[in-house]
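Number of protein chains: 2
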Amino acid sequence: MIDKDDFGPITRNRRRATITSAKSETVKVRNGATAAASDLTSGPKTRESLTKALHCHKLQESMLSSASGFKNYRGILNWCVVMLVLSNARLFLENLLRYGILVDPIQVVSLFLKDPYSWPAACLVIVSNVFIFVALYTERKLAMGSISEKVGLLIYIFNLTVILCFPMVVVLKLPSITPVGGAFALGVYTILFLKLYSYKDVNRWCRERTQVKARSLSRSLSYDRRTYMYYFVFAPTLCYELNFPRSESIRMGFLLRRLFEMVGNCTLFNSVKPVFILQEMDYSRMTERLLRLAVPNHLIWLIFFYCFFHSSMNFVAELLRFGDREFYRDWWNSETITYFWQNWNIPVHKWCLRHFYKPLLRRGAGKLLSQSAVFFASAFFHEYLVSVPLRMFRLWAFMGMMAQLPLAWFVARFLRGNYGNAAVWLSLIIGQPIAVLMYVHDYYVTHCQDDPTITEAL
Amino acid sequence: MIDKDDFGPITRNRRRATITSAKSETVKVRNGATAAASDLTSGPKTRESLTKALHCHKLQESMLSSASGFKNYRGILNWCVVMLVLSNARLFLENLLRYGILVDPIQVVSLFLKDPYSWPAACLVIVSNVFIFVALYTERKLAMGSISEKVGLLIYIFNLTVILCFPMVVVLKLPSITPVGGAFALGVYTILFLKLYSYKDVNRWCRERTQVKARSLSRSLSYDRRTYMYYFVFAPTLCYELNFPRSESIRMGFLLRRLFEMVGNCTLFNSVKPVFILQEMDYSRMTERLLRLAVPNHLIWLIFFYCFFHSSMNFVAELLRFGDREFYRDWWNSETITYFWQNWNIPVHKWCLRHFYKPLLRRGAGKLLSQSAVFFASAFFHEYLVSVPLRMFRLWAFMGMMAQLPLAWFVARFLRGNYGNAAVWLSLIIGQPIAVLMYVHDYYVTHCQDDPTITEAL
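For the protein sequence lines, the chains are C and W, in the order given.
If you read the first sequence in the working numbering, its first letter stands for residue 1, the second for the next number, and so on.
If you read the second sequence in the working numbering, its first letter stands for residue 1, the second for the next number, and so on.
This is chain C alone, in the form it adopts within the complex (with noise of 0.2 angstroms):
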């Protein structure tokens, strides 16, 4: 039944060479369907194959093991988008089948706007218009020297402090714009906020730098110098730079994807609000509340995340040709709080970086002190950026990034490796629900309590 004639010594060092390159091969190709074909030599088989075929065992880890050092999950992150995708397709379809479309957009229109007729949010983000071109006048007027340095600064102060007290004020006393249209105008001008305050400070870095070059240049590039600053305005960075890296030219198939990307979260939004919605209200079990509501939450953020800072950034950076997609970094391999902060907004985390903390080491502050200021500020902007839409004033969400560093002091003193990991994943699903849950504790009972309308729609 079985030939000896297979093991018989035949031409045993020609094939030798030919055995050694299979093996490197085997170890090269892993993937695709070609594996198959050189995994297995063919033809007859000499005494090394056999040596090879009686020893078909190494010592070597499971790749689960952390000893195995192995990291490529890339299909993990794959099967968690089917099964986002596929859980999501049958709720959709069941809310749709049952409810007719949810989220229909004179609702979405009627959560920016109560007036179809005055646009509140949109005013206020048409007028900060005003605040780019006194930057943009002020710099010109500094670059030819009509101005001193030290007057300069002064108006770029009050410039920079004008557009965090403006909106905020209009906010709080205007009734007619909605907590979601305060929260994007406000936003929009936390944003400008810190692009001109970058502004200012690379432009000064400029002229101490080459102080003729800049005067002779800013002169007559002044109309460019205008396109230039609405381009900064409108690209996916927050740090100012003379020669933003451009990318070659506008790929029509990747701006489809990311186009088609953001209606399809838009969807998985729709499905998801539902369940979010059902349990955020009946507050009176917070705790069991509180593990409901974590779930659905962590989702929704995470779809945020990727529609935001994935699909939205790279669609407009692909629109602009703007090269510098680094809008974020590994933060889900994060062991560390730390870690988590520092990657996954790098718009943010490059401003904190060039324009807060390394201006505070150079005048002579600590690590600790500057980290520690670092978060004070990003706590301010939070707490800024949701007690004034909602005119309440709890310190939730200040007090939750504020919680970031004795969290982070612990995680990095006691946990290590995949724990690490863990423990910044728990934090993110469970931290912030209790922020959210607290928030809508408060706007429920001062607004909605006496309402029966509002009520019974939630």
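Hints may be right or wrong, so weigh each one.
[Stated by the list, open to error] In silico DSS-like links for lysine-lysine, alpha-carbon gap of 27 angstroms or less: (1) 350(C) <-> 58(W); (2) 358(C) <-> 58(W); (3) 350(C) <-> 367(C); (4) 358(C) <-> 150(C); (5) 58(C) <-> 350(W); (6) 52(W) <-> 71(C); (7) 350(W) <-> 358(C).
Simulated from the structure, these hints should not be mistaken for lab results.
Based on the hints, put chain W in the right spot on chain C.
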């Protein structure tokens, strides 16, 4: 407010080297608390670092874009584990509070035994020792030269045939064996069949290579041979080898972690089970049931995979100091169906390659024919392990396996990269429950429809 002196041209040349080394450090050190420190240069700023500050963007892709080539998603795996544990902990607690412990020990035992005083499945497993001794004795006689190769081969063929047929007949004829007990016994016999087949092949290869040496060795080591045979029977591999690689010592921490995982996964099974059972029996609307069944079924399969292929096999290997822990490869990244089947179950894949596919190729069969033959054999064993314990011959498992062949062709032909990976996941998530649902439906119709107690219990 801001002092110019910081930007003065101090010690320009001395600093250049420091900056370069700091830069390379930033690239290397990424994770952990030290990243913050290396990312920032303290002390007075020089012109070089000012230039660096002015150019803070560079051409690069986002990490989630496939163009970036970034593949480290270890954190996503941890996220899955955290989410699974969190959502199941809640479900487990809820079920525990509402229904008490669902899987009580007596119920588990009753899955294996109908009558606690007769243990047919356990007896079957004990009887399997006879076949091991037949193989040992035959091999000894062959090594000593008492019987010819032809006679030995005939004894082996007889022994192996009986290993497959004997338990099948027992399970089909003995009504006291439950489906779970029968599947367990048949699984043990199938594993033994594959192991003894490998034992036969390897010993023959050895005899052919060094006939004189093996004979003298086998005579002196007949006692050790028996011990080694049992080591092979319990070792987590199907391929026999004369000298298995051994690890240096038993790591107690590793052993305990694997044990903890196995216990933890059992509670996970407990919490997934009610979902599974509540939904599997209403067979009126197949398609909707299928989608509802898909996700819990898939989760159970994933937990089973981890529990069996990682925790249990590593546990046994650690106990036996068995060195080769490659029980699976990175099938989660597979972009073709073929890659999945080659990498999710390495012991079986290795056996098929060594004792079935390669011998077929050596005997002159084509690649496609040999591959199909492997799939055919695999389909046979799938059917054997499902149909016999259920006492139903419906060929669903067989057809499910054979359907992989055209599916593999389709995915390899039309889908690439992440799309191919998503297709593999979809085939796993959707394909499996179809087969499961078929058997559940048929089993229900055959056995339970007229028995009101079983219908109620399920």
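Exercise. Looking at the structure, which of the earlier hints fail to hold?
Worked result: Hint check: 6 and 7 fail, others pass.
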